[in-house]
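Can you build the whole structure from these sequences, using the hints too?
First to last, the sequence lines map onto chains A and B. Residues in the first sequence are numbered from 1 upward in steps of one, following our numbering. Residues in the second sequence are numbered from 1 upward in steps of one, following our numbering.
Keep in mind the hints are simulated off the structure, nothing from the lab. Remember, predicted model here, so these are calculated numbers, not experimental data. Hints are not guaranteed to be accurate.
A pair counts as met if it fits within one copy or between any two copies, since identical chains are not told apart.
[What the hints assert, rightly or not] Calculated lysine-lysine pairs in the DSS-like style (CA-CA distance at most 27 Å, straight line):
no.	residue 1	residue 2
1	57	123
2	181	276
3	343	316
4	57	185
5	189	13
Number of protein chains: 2
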Amino acid sequence: MLSVQEARNEISKYSVNSRIVNLSLDVALNYTIAKTVYSPVDLPHFNQSAMDGYAFKFEEWDGISDLPVVGEILAGNNYSGILEKGNSVRIFTGAAVPHQVDTIVIQENIIREGNHIKIRANKITKGDNIRLQGSQTRKGDLILELGQRLTPPAISFLSGLGIANLEVFANPSVGIITTGKELVKPGMKLEPGKIFESNSFGLKSALMQLGINPSSIETVDDSLDDIMQAINRIIHHDIIILTGGVSVGDYDLVSLALERCGVTRVFHKVKQRPGKPFYFGIVNRTLIFGLPGNPASALTCFYEYVADAIGLFTRKEYFKREQLLLTNGFIKKTGLSYFLKGKKGTTGVSILSDQESFKMNSFAMADCIIELEEDKEIFRPNDPVMVRIIT
Amino acid sequence: MLSVQEARNEISKYSVNSRIVNLSLDVALNYTIAKTVYSPVDLPHFNQSAMDGYAFKFEEWDGISDLPVVGEILAGNNYSGILEKGNSVRIFTGAAVPHQVDTIVIQENIIREGNHIKIRANKITKGDNIRLQGSQTRKGDLILELGQRLTPPAISFLSGLGIANLEVFANPSVGIITTGKELVKPGMKLEPGKIFESNSFGLKSALMQLGINPSSIETVDDSLDDIMQAINRIIHHDIIILTGGVSVGDYDLVSLALERCGVTRVFHKVKQRPGKPFYFGIVNRTLIFGLPGNPASALTCFYEYVADAIGLFTRKEYFKREQLLLTNGFIKKTGLSYFLKGKKGTTGVSILSDQESFKMNSFAMADCIIELEEDKEIFRPNDPVMVRIIT
Numbered sequence: 001m002l003s004v005q006e007a008r009n010e011i012s013k014y015s016v017n018s019r020i021v022n023l024s025l026d027v028a029l030n031y032t033i034a035k036t037v038y039s040p041v042d043l044p045h046f047n048q049s050a051m052d053g054y055a056f057k058f059e060e061w062d063g064i065s066d067l068p069v070v071g072e073i074l075a076g077n078n079y080s081g082i083l084e085k086g087n088s089v090r091i092f093t094g095a096a097v098p099h100q101v102d103t104i105v106i107q108e109n110i111i112r113e114g115n116h117i118k119i120r121a122n123k124i125t126k127g128d129n130i131r132l133q134g135s136q137t138r139k140g141d142l143i144l145e146l147g148q149r150l151t152p153p154a155i156s157f158l159s160g161l162g163i164a165n166l167e168v169f170a171n172p173s174v175g176i177i178t179t180g181k182e183l184v185k186p187g188m189k190l191e192p193g194k195i196f197e198s199n200s201f202g203l204k205s206a207l208m209q210l211g212i213n214p215s216s217i218e219t220v221d222d223s224l225d226d227i228m229q230a231i232n233r234i235i236h237h238d239i240i241i242l243t244g245g246v247s248v249g250d251y252d253l254v255s256l257a258l259e260r261c262g263v264t265r266v267f268h269k270v271k272q273r274p275g276k277p278f279y280f281g282i283v284n285r286t287l288i289f290g291l292p293g294n295p296a297s298a299l300t301c302f303y304e305y306v307a308d309a310i311g312l313f314t315r316k317e318y319f320k321r322e323q324l325l326l327t328n329g330f331i332k333k334t335g336l337s338y339f340l341k342g343k344k345g346t347t348g349v350s351i352l353s354d355q356e357s358f359k360m361n362s363f364a365m366a367d368c369i370i371e372l373e374e375d376k377e378i379f380r381p382n383d384p385v386m387v388r389i390i391t
Numbered sequence: 001m002l003s004v005q006e007a008r009n010e011i012s013k014y015s016v017n018s019r020i021v022n023l024s025l026d027v028a029l030n031y032t033i034a035k036t037v038y039s040p041v042d043l044p045h046f047n048q049s050a051m052d053g054y055a056f057k058f059e060e061w062d063g064i065s066d067l068p069v070v071g072e073i074l075a076g077n078n079y080s081g082i083l084e085k086g087n088s089v090r091i092f093t094g095a096a097v098p099h100q101v102d103t104i105v106i107q108e109n110i111i112r113e114g115n116h117i118k119i120r121a122n123k124i125t126k127g128d129n130i131r132l133q134g135s136q137t138r139k140g141d142l143i144l145e146l147g148q149r150l151t152p153p154a155i156s157f158l159s160g161l162g163i164a165n166l167e168v169f170a171n172p173s174v175g176i177i178t179t180g181k182e183l184v185k186p187g188m189k190l191e192p193g194k195i196f197e198s199n200s201f202g203l204k205s206a207l208m209q210l211g212i213n214p215s216s217i218e219t220v221d222d223s224l225d226d227i228m229q230a231i232n233r234i235i236h237h238d239i240i241i242l243t244g245g246v247s248v249g250d251y252d253l254v255s256l257a258l259e260r261c262g263v264t265r266v267f268h269k270v271k272q273r274p275g276k277p278f279y280f281g282i283v284n285r286t287l288i289f290g291l292p293g294n295p296a297s298a299l300t301c302f303y304e305y306v307a308d309a310i311g312l313f314t315r316k317e318y319f320k321r322e323q324l325l326l327t328n329g330f331i332k333k334t335g336l337s338y339f340l341k342g343k344k345g346t347t348g349v350s351i352l353s354d355q356e357s358f359k360m361n362s363f364a365m366a367d368c369i370i371e372l373e374e375d376k377e378i379f380r381p382n383d384p385v386m387v388r389i390i391t
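Written as C-alpha cells, this is what we have:
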C-alpha cells in the first residue's frame, strides 16, 4: 500500500497534460496566462493631459504676459482648431495634448480674465502635467509573463491596452459519477434503506470553488454494466471522478468496471484515514479518481489529491499547505496518515471534535485539513503539523 | 476632507440592508446562511451496516457454533426475507440492518463454508459495526448556524440530510456605469484622443471574485443627461458603482448628475492616494460609489471600500486585512493615507515599484494592498503595516 507522499508523487507524474485555450478577457478571471503578453500599443497612446488646466508652449511664454485662450479640449476629443504661437488652450484630464504645446498649468495656478489667463505659479517648468506617449508602457514591452494569474487588476491592465482575448491554460473537462443503488436525490422521498446522495453536490461545489463547472454529473446503480456505460460516456474527459464502489466488498464494482473500460490502475489504496480505498488510474490522457463513497472521505481525497492534479493542469495552486502549530493533542495509530478537520486560529490550528469519517458536521465547520504523519502516534499541543487551507 | 477610517465608518453606517433569499443548494456555494438549519431527519435514517460482513443477533449465538446464512442485503435494498432465530445474513456497507439482528461480524473474521459461517473472532461484542439510526445527527438537531458560510463540506452535509433549498443572505444587485467620452471597448479601433475602456472589465472581474455577476454594465458619454439617464435606469439596484467624473473639473459631471437624481452625498473626497476624489452617497436604500476614472484608483477604492460594503450586505468578509512587516522602506507625504501595491513574502510584505496611480503593471503583479497611515512620513523595513489581501 502506498504512503500519502507516494500517492501524491504517482498522481503528479501523470498530471502533465495542460491545454491552452484562447479566451475573451471577459471570462478569463483567475486563469493562468499560457503565453507571455507584449503590449500592442503605447500607453498612453498619445501625449495626455494629467490634470485639468491650460496648455501652452513653454518657450513661447515670456514668464510675465497673459496668454490668450483660443480653444478647449475635452478627454476623447481630437483638437483640430488653430493654435498660434503664444496662445493657450483649456484642457481637461485625459485629453490629447496638441503637438503645438508642451506644458500644462493646472487651473488652481491661473487667474482667468475673459479670454486670457494670468499664470500665477513661478515654479512652472517645461513639460509639467503631461503624460508622454508610451511613458507607462511602450508598444512591444513585456506586459505579463507566462504563468501569471489573471487578477482583476491584470484584467483591467490588459483591457486598457486594448487586449480583448488571450491564451490561457484551460480548465479540464471533469465528469462526476456517483455510484450506489441506495442513493436518492435531496428533496425526493426516502424509501427504506435509501440515503440522500450528497457526493455529487459536495464535489460539484468543490470544483466550482476552483472555477470549474463539471461537464457531467451522473448517479448510477451498483451494476457493472451501468457503471461501465457511465464511464464510457465520458471517457474522453480530462478527468473522471467516481465515488463509491472502490472497497473490497463483493458489490464494490468500480475497480472492475474501470479495468473492463481499459483503465490502467496506477494505485489502489493509500495508507491514510479517511480514504484508504482511494483509487487512481489512467486511460489515454484521462485521469481517473475513484473516491470512497463516504462523503467525508470523498471530499478529503478531493482536497488532498484531485485538486492538486487539477492545479497541474490549470497551472494554479488551489488549496495551499502551510505548517502550523497544534493547539490541542491527538493520539492515532501508526501506519496510517490521518487527515483531520481543523480550524485555524491566531495561535495555531485546532483539531475539531467528531473526526469519524462518516461525520460531516465538523467538516462543515472546518477551514482546513490537518495532516498527521503516518509514523507518529502521539501529537501534543505546539507540535508542528502540515495543514491544507480549504477556504 | 474625511480620513480613510472616517470614510469606512460612514459607509458601514449605511450598509445595513441585507436581503434573505431561498436558494437551491446547487447554487448556494459560499453564501452565508441566513436562518439556522435543523435536521429534518435522523442520520443515518436507519440502523446501517458500517462494514461488509454478516449480521446476526448477539444473544442468539452460543459463541462456538456455525451460523446458517439465509440471505443477503445490499446497500439500498430493503430486506424483506425471513430471518429466524440463530440465523445470519450477508450484509454490505451502507445496507439497512434488519430489526431481528444487532451485531455485524466483518467478513475478514469469518470462514464461510457453503451456507454457513464460522465466526473466528473471539473479540466480537454486541452492536459491532452498526451505525445506529440518528447516531450522527438526530432529527431536530441544530446543523448549521446563521452566519455560517456554505463550504463544499457544508453543502455535502446538507445534501446528505435531504435539504435541497435553504435561506441565505442574497448577493446585492450591482450596476456599473463607466463615464467618459474618450472610452472605446478593447478590440475596437482607437481614434485619436480615445483610450480603451478598462474599468468595467476590472470591476466586473473584482465582483466576480466575490461570486457576484454585475446586473448591468454601461459606458456613457460625459454628458449630464446621459449620466442621469444611466443612473435612473438602475436606481433600484442595491449598489451602483460609477467611474470617472468625480474630480473637480468643469466636465466632471457625476456628482452633479447624482444630485439631480436625488442622491444624498454622504462624503466626497478622502485623504488618500490614490482615490482622493472618491464619492459616496445614498438614495432610498441604494448605495452609490463614485470612483475616480483612473483604473488603479478605481480598483483600489473597490478593494478598500466597496467590497467591505458588499460584505456587510452578504455577511461575508472578502479581502481580509492583516498586519505584516515591511521588507522595504518608503517615504510619503503626511496628510494622506497611501494605498500601495504589495506582494507578500515569507518574511513580510514588499512595496512594489511603479506606484504611480496611472500605472497598472505593478497592480497586475500585486497580491495585496499596503496601507500607509496618514500622519506618518517615513516607513522603514520591519515597520508593521496593515495589508489587505486581494487574491
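Now for the hints, and whether the structure bears them out:
1. 57 / 123: Only inside one copy: residue 57 and residue 123 sit 15 Å apart there, 99 Å across copies, limit 27 Å.
2. 181 / 276: within (22 Å within a copy, 63 Å between copies)
3. 343 / 316: Both. Shortest intra-copy (24 Å) and inter-copy (17 Å) distances satisfy the 27 Å Cα cut-off.
4. 57 / 185: This pair counts as neither: shortest intra-copy Cα distance 75 Å, inter-copy 33 Å.
5. 189 / 13: Neither way: residue 189 and residue 13 sit 44 Å apart in one copy and 46 Å across, limit 27 Å.
Checked against the numbered hints listed earlier, the structure breaks hints 4 and 5; every other hint is satisfied.
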